[in-house]
Amino acid sequence: MLASALTALLLASTPAHAAKPTRQPAQGFRFQFVTADDSALTQRITEDLYKRLVPIFSTFRTELAQRRRMLYVAIGPAALREVASKRCDCVVISAFTSSQVYRAIMAKAAQGGAQPVASTAVYAEPSPADQLRLAALLYRRPVRAAAILGADTSFMRPALEAERVTVLDAGGEDINRLLNQIAQTDVLLALPDSTVYSTESIRNILLSTYRHKQGVIGFSSDMVKAGALATTYSEIEDIDAQVAEIAAAYVSGGELAPPQFPRYFRTIVNEGVARSLDLTVSDEVRGFSRPAPPRRP
Amino acid sequence: MMRDLSFWRGWSIGLRMAFITMLPVALLFSSFVWYSWYSHRAQVDEELAERGRILARALAETSEYNVISGNLSDLRLTINGLVQSDRSVYRIDVVDTNGRNAVSVVSEHPIQAEPHSFEAPIRKQVVWLNLFSDNGTPHVSASSATRPPTLTTEVVGRVRVTMSPTSMMAKQLRRFRVELAMAALALVASGLLAYFLARSLTVPLQEAIAVLRAIRGGDYRVELPVTTGGEVGELQASIGEMSVALDRSKQDLENKVAERTRDLLESRNEALRADADKRKLIQKVNNIIEDERKSIAVEIHDELNASLIAVRLESQTIQQLAAKAVPGPEVEQIGAKAQAITKLALDLYANGRRLVRRLRPEVLDMLGLHGAVEEMVSHYRSSSGIDFEFHTEGDFSRLNNELAISAYRIVQEALSNIMKHANASAAHVSLVLLDADDALHIEVGDDGEGFDPAVSSEGIGIIGMRERVFAVGGGIQVRSRPGRGTTLAITLPLNEAAGGATAVH
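These protein sequence lines map, in sequence, to chains A and B. Heads up: the first sequence at position 232 corresponds to 231 in numbering that gives the first Met the number 0, and the numbers run straight through without jumps. Heads up: the second sequence at position 278 corresponds to 277 in numbering that gives the first Met the number 0, and the numbers run straight through without jumps.
Rather than coming from a laboratory, the hints here were simulated on the basis of the structure. C-beta: ideal position from N, C-alpha, C; glycine also. A hint or two may mislead.
Not the full set, but computed from the structure, chain A residues with beta-carbon under 7 Å of chain B [stated by the list, open to error]: (1) Pro54; (2) Thr58; (3) Phe59; (4) Val100; (5) Pro125; (6) Ala128; (7) Asp221; (8) Ser233; (9) Glu236; (10) Phe287; (11) Pro290.
Reference listing, derived: stretches of chain B covered by chain A, where coverage requires no fewer than 3 residues with Cβ under 8 Å from a Cβ of chain A [said to hold, decoys possible]: (12) 64 to 77; (13) 119 to 130.
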């Protein structure tokens, strides 16, 4: 199923594509990228990530290759699905996959009994906390935010409600009716969920919220360009840096960090939408970010 | 067919001018009006179609959200505002995919609908975004450089716009009327121009025709002022010059005719005078001839015949003497000679008598004209065998000797002609003296061969008769046809002066 797996084996001449379980205890680590395509985007991700991971794994000797634990970096949902079905003494870091898809795939893998030793993820979508902070910065006051969650994103309900976000359960209900229910809020916090946000419904959602004079805090730059008010977003390098940090921590301490939202981000604002919502976009908003530390050469 | 096409040949110049000037303008006018109307109609159709299409498409775009979201009251409000504010929109229907009329708004204005409507599908527009679904592509929240191919869109309903041409047509009709008025104004202006142009041609021509008619009527002293330029002006000038030339020519001709007439009158008077002199001369000659004849006749009668009687008496005496003498051959011869002389003398005497009669119709003196002519007629009757009739009427004693001789000689010549040329079986001679016109009417006719007076030249006899008649101031008429005999009618006035020729001045 893997169309083109860019395999990067460090200090090992043996291909580690099919990592078999070994009885010998692991004494080191090696890594491998799992990809589902060889698009320019994927190549860009792997090239950057390779440069970041090579220094981390360079301490392990080549002769220990047979006993090193495999760390898979799954790039994208298709690659994650592939690697999740492996029964191995391996660790998986999911990158460039949304929390909803990650959780769904992993849940499905757990049901099938085939599951890696450990897995974690850097979710693709921005952190809701950052998004809410951005909304507050935009409105310069505490905002009444709402979110519509599907079955796969309902895990976020407690966290959101803790932030006083009005949370609606999609539950197969008509999106227009749901949008009418939250018409009184200032902001719709969009979280990736294919049962709520699809290519067919996104325009309708953007129009409805616009007519309700609501801003949509989207989850990608493209969404902002399509009509959402603003979002925080992470560049490929930002995600890669975070993946490298998780890998380094795991390699050095043996403890795998839990799944997390992107740590490094920048902000994009649709100035036209902001104007139409009578919002004045300050430089503080435009500069709202958490930059990743520069990569060591 | 050709005759039908030549119907304009009978037209006046004015009508032709008007036709030439107005025909292109009228054609232009009608084509312009037709095109203008057609263009306005087409403009209305095109504009309605364009607006209908645009409106349908725009409404389809804007209705998408309302149809999908079910917020139709908002859409109805919008469409109603549009329909009631735009009089060119008759009706707008928004129909969903099930064919149910979601929104239907009809204009409240009194306008008519177009038979066809414009439809546009309401498509659910799909914004392509990486919505972090489980589709295989890495989820990147940063901007993606690439875009996937266009996705198929779903049709969620249709917008049907029915336009109304009423308002637009009214607007175009107003414009058309203005254009029509302007075109009509141009047409009228052209008509006036044509009228004045035609008049500028016809008026000088009519004046020229009137002048030419006057010239044809003989009035050359006409005036035709040159009122215009160009060919018509040249025509006017030419007619003026022609009238002057004709007048001068007529004057010259009249002068020449008067001169010639004068010459002719003089010539005629001279001829008449010469004629009169000639007749006087002829009369004189005739008189002299008659006198000479008379003297010769007297001479013959008195001298010759007396001598011949003496000769006869002498020869008779010789004859008697011979009879008494001794018979002998010589005596017998003498007696015979004397007898011969007697006979010769008698013959000579008889000849002399005849000569005297011819030279001097003594019967005229004795019997008068009536008797003399009767005697002549009976003489010809007996000698020719022609059946002569003789008729007289009137008192002939009033005739003078000269006229009687002329009449006698004329009848004599006429009868001589009958004897010589007519080959007639019957003839008549009529002498009538009427008191009414105081003239002697002579008529001599025959049933002979006759002749054609137009073809035949007059013989010496008739010329002599004519001169004799003219000499006494009479008239002569010869009527003849070939095979139908000849009749000679002569009138001799008793008073010569009354019938004499007069000089003409």
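Quiz item: Among the hints numbered above, which are violated by the structure, and what are their numbers in rising order?
Solution: Hint check: 1, 2, 3, 6, 9, 10 and 11 fail, others pass.
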